[in-house]
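Sequences and hints are given; from them, build the entire structure.
Chains A and B supply the protein sequences, listed in that same order.
Each residue of the first sequence is one higher than the one before, counting from 0 in numbering that gives the first Met the number 0.
Each residue of the second sequence is one higher than the one before, counting from 0 in numbering that gives the first Met the number 0.
Hint data in this document are derived by calculation from the structure and do not stem from the laboratory.
Note that beta-carbon positions come from the ideal geometry of N, C-alpha and C, so glycine has one too.
Misleading hints may appear alongside valid ones.
[Stated by the list, open to error] Pulled a few chain B residues facing chain A out of the computed Cβ check, cut under 8 Å: (1) A17; (2) A21; (3) A60; (4) Q118.
[To be verified] Computed footprint of chain A on chain B, listed as stretches where at least three residues anywhere in the stretch have a Cβ under 8 Å from a Cβ of chain A: (5) 9 to 15; (6) 30 to 41; (7) 65 to 75.
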Amino acid sequence: MSHDEFRDLVPLYALGALDGEDLARFQDHLAGCDDCRRQLREHERAAAELAASLPPVRPSPELRARVLAAAGAPRPNRVMRIVAGIAAAAAAVLLVAVINLRNDLERAQEDLEFFRTASVSLMKPNEGVPDSKLATGVVWHRDRTLVLTAHNLPKLPEGRVYELWAFFDKKPVRAGEFEMGSDGIVRGRHTMDRDLAQAEGFAISLERAGGVDSPTVSAIYLLPR
Amino acid sequence: MARGDGAALGTLYDRHAAAAMAVAVRILGDPAEAEDVIQNVFVRIWRQAGRYDGTRGAVAAWLLTSVRNEGIDRLRRRESRLAATRNLPASTQVPAEAPGAGEERKRVRDAIAALPSDQREAIELAYFEGRTQTEIAGRLGQPLGTVKTRIRLAMEKIRSALMGPPREPA
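This is the structure in structure tokens:
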């Protein structure tokens, strides 16, 4: 298939409509094609416009309270609503900072307990892949929760993530998508739907965000040690 | 501070709930199930908000894309169909910008409204019903190539409208 033919598949991929042979071949091509990735970003925006173009539908009045309760946030009283209305723009920005802070505190406490009791699994560079030589990674896990820290991985291209894979019965199972922090370290937490005590090891590959069911062999940077 | 939290989530909800509900109802048909989706997505966004910047357009796109993907997931579970060989844009995958405002908004809406019905039908089957190209071809009784062309033409028109007049094809 030529580049132009692949480029014709970009809009279908952005809508989630590719299947079969087309899907497999397109994903392979996309991994190495900057032009198609750029086009994909534009078509993903176009797809989001389909959602945004629908006429609004008002949910039932009870849903608002349900959402606030489920999020664990107290129901704001009338004064707070007025304050929120006046400060709406500031609140949207503050929201992010406040959540970060709250999460940091909660996580610090949870992490202490987690790391005290977790098992450790180390990863080693996959020497078949360029740029992997200095990479290191470690996974702490307990029950269904894991925490990953990986150093010296290449910088992530736009729209890509590091996918962690847990091996069960020698088969890779998706174990979370991770991004690189501004400090160059890939780290994060993920919860799986199975007991990680059964995992034989972990690997990391560079993938399109959310796009794959098995690791792209040519992009596996870390393997189980 | 905790009260401020609640107010901020409320503000987010007040601003985007009706647009999100439109997408969920369009996909699922059932308002009760649609509201479950809305609830899940808002709570998830609330918990993960630190990962994204708080600008209005980015949050809206993230939210609508999340609602769409969770809606399609439910639709598939409801229909007990296997999704092994298709690609579903992940809920973490968010268009970097938009949906846009003002002039751009109008241009895009006009472009979507002006799509020929056969093209519109094809992209709606994909986006709002989660059908793959092969399923769409079967449903419409059209050759696969025809379906691909319709989807491509429709998406190119919307994209051109988004990118602005200078790049609009003649």
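Verification of the supplied hints:
no., hint, in the structure
1, A17, "holds (4 Å)"
2, A21, "holds (4 Å)"
3, A60, "holds (5 Å)"
4, Q118, "violated (11 Å)"
5, 9 to 15, "holds (count 6)"
6, 30 to 41, "holds (count 6)"
7, 65 to 75, "holds (count 3)"
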